[in-house]
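J.: For reference, the chains in residue letters:
2 protein chains.
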Amino acid sequence: MSTKTKILDAAEVLFADKGFNGTSLREITSQAEVNLAAVNYHFGSKKELIKAVMSRYMNELSPRLESALHALCLEEVHPTLVEVFSAFLDPLLHLNSFKDNGTSTFLQLLGRGFTDNQGFLRWFLTTQYPGVFTNFTQAVQKAYPELSKEEMFWRLHFTMGTIVFTMSSSDALIDIAQNDFDRQVDIAGVIKQVIPYVAAGVAAPIIR
Amino acid sequence: MSTKTKILDAAEVLFADKGFNGTSLREITSQAEVNLAAVNYHFGSKKELIKAVMSRYMNELSPRLESALHALCLEEVHPTLVEVFSAFLDPLLHLNSFKDNGTSTFLQLLGRGFTDNQGFLRWFLTTQYPGVFTNFTQAVQKAYPELSKEEMFWRLHFTMGTIVFTMSSSDALIDIAQNDFDRQVDIAGVIKQVIPYVAAGVAAPIIR
DNA sequence: CGTTATTTTAAACAAGCGTTTGAATTAGGG
DNA sequence: CCCTAATTCAAACGCTTGTTTAAAATAACG
Numbered sequence: 001m002s003t004k005t006k007i008l009d010a011a012e013v014l015f016a017d018k019g020f021n022g023t024s025l026r027e028i029t030s031q032a033e034v035n036l037a038a039v040n041y042h043f044g045s046k047k048e049l050i051k052a053v054m055s056r057y058m059n060e061l062s063p064r065l066e067s068a069l070h071a072l073c074l075e076e077v078h079p080t081l082v083e084v085f086s087a088f089l090d091p092l093l094h095l096n097s098f099k100d101n102g103t104s105t106f107l108q109l110l111g112r113g114f115t116d117n118q119g120f121l122r123w124f125l126t127t128q129y130p131g132v133f134t135n136f137t138q139a140v141q142k143a144y145p146e147l148s149k150e151e152m153f154w155r156l157h158f159t160m161g162t163i164v165f166t167m168s169s170s171d172a173l174i175d176i177a178q179n180d181f182d183r184q185v186d187i188a189g190v191i192k193q194v195i196p197y198v199a200a201g202v203a204a205p206i207i208r
Numbered sequence: 001m002s003t004k005t006k007i008l009d010a011a012e013v014l015f016a017d018k019g020f021n022g023t024s025l026r027e028i029t030s031q032a033e034v035n036l037a038a039v040n041y042h043f044g045s046k047k048e049l050i051k052a053v054m055s056r057y058m059n060e061l062s063p064r065l066e067s068a069l070h071a072l073c074l075e076e077v078h079p080t081l082v083e084v085f086s087a088f089l090d091p092l093l094h095l096n097s098f099k100d101n102g103t104s105t106f107l108q109l110l111g112r113g114f115t116d117n118q119g120f121l122r123w124f125l126t127t128q129y130p131g132v133f134t135n136f137t138q139a140v141q142k143a144y145p146e147l148s149k150e151e152m153f154w155r156l157h158f159t160m161g162t163i164v165f166t167m168s169s170s171d172a173l174i175d176i177a178q179n180d181f182d183r184q185v186d187i188a189g190v191i192k193q194v195i196p197y198v199a200a201g202v203a204a205p206i207i208r
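Residue numbers (our numbering), protein chains in the order written: chain W, 1 to 208; chain U, 1 to 208.
Read the hints as simulated data drawn from the structure, not as lab findings. Treat each hint with caution, since some may be false.
As the list makes no split between identical chains, a pair holds if one copy fits it or if it spans any two.
Result set (DSS-like, lysine-lysine): computed pairs, CA atoms no more than 27 Å apart in a straight line [stated by the list, open to error]:
#1 Lys149 x Lys47
#2 Lys51 x Lys6
#3 Lys99 x Lys46
#4 Lys142 x Lys99
Sequences and hints are given; from them, build the entire structure.
T.: Here it is, written out as structure tokens:
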């Protein structure tokens, strides 16, 4: 395995677990069993490494996500919100065949990215992968046309918060759930729990 | 004003803005115009300072919140979920008379606390202020008795994610909203937008 | 006032950080 | 094989971090 890949593999796990600020290059390189200087040699800087970690996932996810949302809009004039959010399920779970625990890791990284580093990753994602956002808002627009642009803006951010926050601490939450309720839970189960929640949230009656 | 208060006032703003890990003691003490060593002298360590910042807010909030939820359960046998979440509004907004931008600052701190520091603040809050959680889950239980404990567990965490994530980046979101929609928005407006969302989310039909 | 306790101060500490350097090693193409 | 380019490596760089020290200044009190 190439040095670059070894670094990316080690970095994504540590980033997901302890955040970008909370993970040092020395932790990453010793976990990856490569020299400390390798990060700056292959990626230039820690910030570029963070982008590379996210890009590897986004390049895998975004085409599948865009085509899933696109297909839904073609085959149904009025998709339900549950259908819209369910369109995320397969592309997200595909990350598990792309990498072990890929879905969970990616969603945790996403959560970190929106809170660490005063949100530079939010900028990176919205500018580098705008297609995901536009396809998504279009699908929601078709599912719930009465929603104004402003209300949709807020509800989509609420939804992102729900997903991202839950997933960034999903390991701890799954542990608690397994102990308290004596039930086997995995990341797919959490996603299936969250879909009706966010669908109902976005579909909430408008109070004016 | 006492040195302790000057430190707390400076720390909470910086913590809310840049996170706990992202704020150094030197930033805090120079903002507060006190000596660097004052933090360790008055609080013992940075971690204890973080706890003190949170406690100052929690001690102001939690009795009002608990009594508001308690009162709601007394006066109504079957409160609606909107009523339950609306019970948070007054106690939260009261923080604005406690301190300038108190509501926004506190909610941002809460958001930071659940993602920074591998969630030690989650432990601190749940162990030091358990009454808030039990009162809240009891109120939700009365509003939606069909919900199993496990489903409630997840939906409450989804809700916390929605609130906490939104508020931790509320400044950025409010800026975007003001530019894109040419509307005056403040923290109370965001809270009023989020209440129907989370109420509908928690009330979502159960899929089994 | 004088003495004791409390608080403030400047300076230094050890440790960790991201990054850079230049030499050593490995790989590739003529 | 040889020369060149690419990669790895140990070491150090300069800087920031939280914390500690011991002296100086201030406050409290009999």
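J.: All the hints need checking, so say for each whether the structure fits it.
T.: Status of each hint after checking the structure:
1. Taking the shortest alpha-carbon separations for Lys149 and Lys47, neither the intra-copy value of 33 Å nor the inter-copy value of 42 Å comes in at or below 27 Å.
2. Taking CA atoms no more than 27 Å apart as the test, Lys51 paired with Lys6 passes inside one copy only; the shortest distance there is 16 Å, against 38 Å between copies.
3. In this assembly of identical chains, the alpha carbons of Lys99 and Lys46 lie at most 27 Å apart only when taken from the same copy (22 Å versus 38 Å across copies).
4. Taking CA atoms no more than 27 Å apart as the test, Lys142 paired with Lys99 passes in neither setting, with 33 Å inside one copy and 43 Å between copies.
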